[in-house]
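In order, the protein sequences belong to chains A and B.
First residue of the first sequence: 1, per UniProt numbering; consecutive thereafter.
First residue of the second sequence: 1, per UniProt numbering; consecutive thereafter.
Keep in mind that the hints were calculated from the coordinates and are not lab data.
A portion of the hints provided could be inaccurate.
Straight line, CA to CA, 30 Å or less: simulated DSS-like cross-link-like pairs of lysine-lysine [what the hints assert, rightly or not]: (1) A:Lys-322 - A:Lys-371; (2) A:Lys-211 - B:Lys-92; (3) B:Lys-10 - A:Lys-190.
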Amino acid sequence: MEESMTTSQGGESDMECSDNEFYDYYNSNDDIDIEQIDPRNIDPEYFEYNCLLEEQVDRLLNETVETLSNNLQIPPSLAKVLLHSNQWNINEVTKKFNDNSTQTLIAARIEPDAPPSSLLLTRLSSYVYCSVCATLQHFENFHNLSCAHMFCNECWTMHFEVQINQGISTGIACMARDCIVLAPEDFVLKHLQRPNMREKYQQFSFQDYVKSHPFLRFCPGPNCSIVVHSKDIKAKRATCNQCKTIFCFKCGCDYHAPTDCHVIKKWLTKCADDSETANYISAHTKDCPKCHICIEKNGGCNHMQCYNCKHDFCWMCLGDWKSHGSEYYECSRYRENPNIAHESVHAQAREALKKYLHYYERWENHSKSLKLEEQTLEKLRSRINQNVMSGLGTWIDWQYLFTAANLLAKCRYTLQYTYPYAYYMEGGSRKELFEYQQAQLEAEIENLSWKIERAETTNRGDLENQMDIAEKRRTTLLKDFLDE
Amino acid sequence: MASLPRRIIKETQRLMQEPVPGISAVPDDSNARYFHVIVTGPEDSPFEGGLFKLELFLPEDYPMSAPKVRFITKIYHPNIDRLGRICLDILKDKWSPALQIRTVLLSIQALLSAPNPDDPLANDVAELWKVNESEAIRNAKEWTRRYAMDN
Ligand SMILES: [Zn+2]
Ligand SMILES: [Zn+2]
Ligand SMILES: [Zn+2]
Ligand SMILES: [Zn+2]
Ligand SMILES: [Zn+2]
Ligand SMILES: [Zn+2]
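Can you build the whole structure from these sequences, using the hints too?
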């Protein structure tokens with residue numbers, strides 16, 4: 001199931017030799033490099049990435065810094081500023097530097113754009129005036145960046161401390177008016193004595209470096225310090241190996257396949273803006289469409305059976321469940337009024353709202369089902385516990401149920417994220433295909449959920465068969481619609 | 001109270017000895033970090049003839065942090081809001097420890113001569129300044145007369 005935790009062994013990494021040594025740090029098993037079928041063809045969600053600890057990230061960054069420092073014969077602290085301002089693209093920086101080193105250093109704010117005018121070294125004997133603290137001091141107490149603006153050490157220290165306390169680190173500039181030359185790491189650290197300030201500075205700059213690095217993402221999990229590394233900057237699923245948070249590698253938000261980063265952001269903003277309008281639909285109870293008795297939904301499955309009249313119906317559309325299993329299942333699809341362009345503005349607005357609510361209701365409902373199914377799993381866990389304790393099978397015998405529940409969650413999660421995708425999709429044959437596959441997936445997911453809720457009476461082979469079908473439907477949809 | 005940094009003493013001395021034309025800045029009797037400021041409305045501006053009171057406070061980490069300045073006299077200006085807060089880059093991210101009270105006050109005076117409605121703090125004022133400048137200037141003159149004269 002955990003298909004994505006592979007380390008890079010493919011031909012790709014051989015071409016980019018700069019980080020190869022790095023991979024060796026955590027390549028536990030050195031498999032033989034055999035020609036293999038591209039796993040992306042089998043699994044549309046295939047993603048190569050690694051979860052790194054802070055020390056590993058430091059090592060990765062420092063190696064790049066050292067390489068550049070050696071290549072260009074510049075101090076490591078300047079190499080770091082250069083890399084940071086060029087998205088850590090060592091090849092590009094090297095090329096730029098070889099083309100025009102002065103311009104590259106100016107663009108990275110390592111050097112001033114005009115050469116320092118008439119050096120401010122008009123000193124009386126060996127004393128210099130510091131314009132910040134307004135004192136005359138021995139010139140040995142002074143330091144300056146490449147811009148030659150001299151200030152006393154005490155003032156530099158105070159300047160750095162005030163900036164760091166505001167959360168600024170890699171962006172600290174010279175103290176002179178209108179001077180934008182940046183203070184590199186070694187210059188800052190030379191002026192910081194207090195251990196907590198040094199620590200803060202290093203912590204903030206580490207965050208800046210990771211954020212500017214296209215191959216690195218902080219795990220968004222609460223209080224988690226893991227950094228995910230991948231050379232594949234795509235909207236793929238990354239799972240943190242420490243806190244298990246699942247997120248989209250590209251945008252760092254909740255994973256959202258098949259919808260892309262841009263569309264999901266638009267959808268979530270819309271949902272937040274329209275939350276008032278959508279509130280009324282979040283009901284937990286509905287009436288049975290046949291006997292009209294009030295029914296409360298307490299499971300995740302949308303295939304409902306009335307406890308009173310035993311009528312099988314769909315929670316979403318209140319239609320007969322029998323029709324949902326067929327090829328003509330249309331519960332997930334929104335049928336737009338074909339003549340809407342000719343209707344009044346008022347009617348169009350109503351139609352737009354109706355359309356949004358259709359998708360929103362299903363999006364919201366699957367999200368709720370996910371939570372309810374978690375509760376179902378908890379109940380299941382305690383029942384299995386009782387069974388095992390009273391001699392009905394062993395733990396191993398029941399393990400398949402947990403696998404099934406995990407798969408159900410994974411499928412329903414994808415299903416939930418198909419709704420924003422469909423909402424923003426233009427009409428046409430591609431949308432028809434999408435909605436067809438979405439409907440098929442939905443039907444199989446509800447079947448799976450139904451069977452898991454009745455796990456003890458469902459036979460295992462039947463359940464495993466259902467798992468297989470649901471997952472196949474899910475991958476088929478993703479293969480066709482998950483954009484690279 | 002901690003002793004006053006040499007830098008503040010120097011700046012205060014200079015402000016008293018060679019005051020900026022059109023601006024007076026006097027430290028408070030009980031707090032040398034607090035200045036009572038009066039800016040004269042610049043000639044050929046809608047604020048001409050007005051005397052504008054401001055307060056200026058030097059925070060603990062001055063000059064590493066910018067002074068805090070606020071208009072006390074009501075003023076109709078796109079970069080100054082109802083509370084008298086001033087939208088001026090050198091008071092925020094463009095502050096440099098090499099800048100002084102003097103430079104800040106000069107910049108505020110310049111802001112009165114050349115309002116910048118494209119970087120507004122008071123949105124309604126800036127809006128009017130853009131769509132109907134003559135009416136905005138009339139308002140500014142009226143406010144100057146009402147709040148910044150004879151008191
Ligand atoms: Zn400088
Ligand atoms: Zn100094
Ligand atoms: Zn994590
Ligand atoms: Zn994304
Ligand atoms: Zn019923
Ligand atoms: Zn339905």
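Hint check, failures only = none
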